[in-house]
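Spelled out from the first residue to the last, the chains are:
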Amino acid sequence: MSVSSNISQEDNKINIVVNERFDFSLHQQFRDAYSQCTTKKFNYALDLSQTEYMDSSALGMILLLKDHVDMYEGTLVILNPSDTVNKILTIAQFHRLMTIER
Amino acid sequence: MLASKNMLWLAGSLSVLLIVNQLWLQSDLLFYLAQLYLLGFMTFSLYQQEKEKINSSASSNNNKQMSDVDDVLIHEVIFELQQFLHQEIDIIEKELNRTKSLVEEAVTGISESFKYLQGLSGEQQNMILSLIKNSSSLDENDENPTLESFVSHANTTLEGFVKVIINTSKQSLQTLCYTDEMVTQFDSIFNLLAQVEGLATQTNLLALNAAIEAARAGEAGRGFAVVANEVRSLSVGSTELNQDIRNEISNAKEIIAKLRDSVEQMASADMTSTLEAKDKMSEMMTHVEKVNKHTFASVEELAILAPKINDAVALGVRSLQFEDLTRQSLHSLHENVQSIQAISDVLISFEQNDQKLVHQQLMVLKDKCQEIYHQTKQAEKARSVKQISMTEGEIDLF
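These protein sequences, in sequence, are chains A and B.
Those letters in the first sequence? Residues 0 to 101, by numbering that gives the first Met the number 0.
Those letters in the second sequence? Residues 0 to 397, by numbering that gives the first Met the number 0.
One thing to keep in mind: the hints can contain errors.
[Unchecked claim] A few chain A residues that don't get close to chain B, going by computed Cβ distances all over 10 Å:
no.	residue
1	Ser-56
2	Asp-69
3	Lys-86
4	Met-97
[To be verified] Part of the chain A face toward chain B, derived, beta carbon under 8 Å:
no.	residue
5	Asp-22
6	Leu-25
7	Ala-44
8	Asp-54
9	Leu-75
10	Val-76
11	Ala-91
12	Leu-96
13	Ile-99
Just so you know, the hints here were simulated from the structure itself, not pulled from any lab data.
Predicted model, so just to flag it, every value in this text is computed and none were measured.
The beta-carbon is built from N, C-alpha and C at its ideal position, and this holds for glycine as well.
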């Protein structure tokens, strides 16, 4: 699996980890990782520490995740993006939309 | 001379007389002393007379021979003196004129070059002012596109472009989501169709059974057999229809698969080139900012420098007043030379008026000398006063 998710209901937390290539082929898996989670005020964490490549569809997927999070009044944090990935996130001005922790 | 000789003789004979008298008559010491005193007086008066004669040789007309020799010598000396003075005056005059013209030429040249420099400096100042005006109007006025505004504009455009790409991706993915849901719906339609097919098969079976039962009933079941046959043909028709629907939906699924492909292409744009462009853009932005800052600083420095150049030029122009002072100095030097010339002229008259007495001519010379000496002294005094007031007073541009 290129996308793995880890839900802990007790902590109201879901951790999604994406492997090296974050592109269109993952969209189904990525959506499945969070779509079942419909609890309100959930904390979403997207771990990009292992991700090396990202295309625009990845950004689109993150935006869809953001929409999902907003719909259920949760929070979204992107964790440990690499330099390249962080650059892409900066160009997309994602730091204005969500928290990026390095 | 003659009188002194007589006196000498008289004194000599008197003293001899006295000595003889003394030796002869054995007179007293007092007389002897008087005699010695007389001798001393005689010698002294003789000496006095000689000295007076040497000192006032011009006024003494007694010694004709001596005075003749002196006149010739004086003429010669005065001639030589006049020659010497004439030559010196010529050289000094020539040098004075040369200096004057040199200074005038130099000052004209320097003054012109200073004026030119002043004009250039003014031009430079104007250019700098317009430069400052331009560089400061960049931000307020968008009418003149600059590199900075262009780059910032391009940057904004790029950001908008990135935003559009991401939004397209997002919408495409959303579309894909809906498509996937639609495919799921199609699958459930297939299930429903299968159920309908089952129903048709069962109906077919039932119709078959009904036909068998109708045949067994014989003549009485003849009408029922017709109905059973119709029902069977209906079930076959519904099976065919089912197959058609299945085919259509399969086609739709194929089209949806194609749709997915194109949506995928739409959603996944490679960001690498955008990333590079963005990097280049920010690099350029930094560069432009640096250049702008540097330019602005340089322009400011220039703006400070230009008035300084102006001041320096003005100072130079003011310093050119030395020409005026030099000319004054040269002029007074010329006056001094004129004075010497006047003396020289008097000396010339010695030659011309040979018949006049040397004494008279010398007197004229002496008077002239005194007169010129006083004139020169007066002029010098006036000049030094003037110079002091010059150095003390403010010097204006001319």
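**Q.** Numbers of unmet hints, in rising order
**A.** 1, 3, 6, 7, 9, 10, 12, 13
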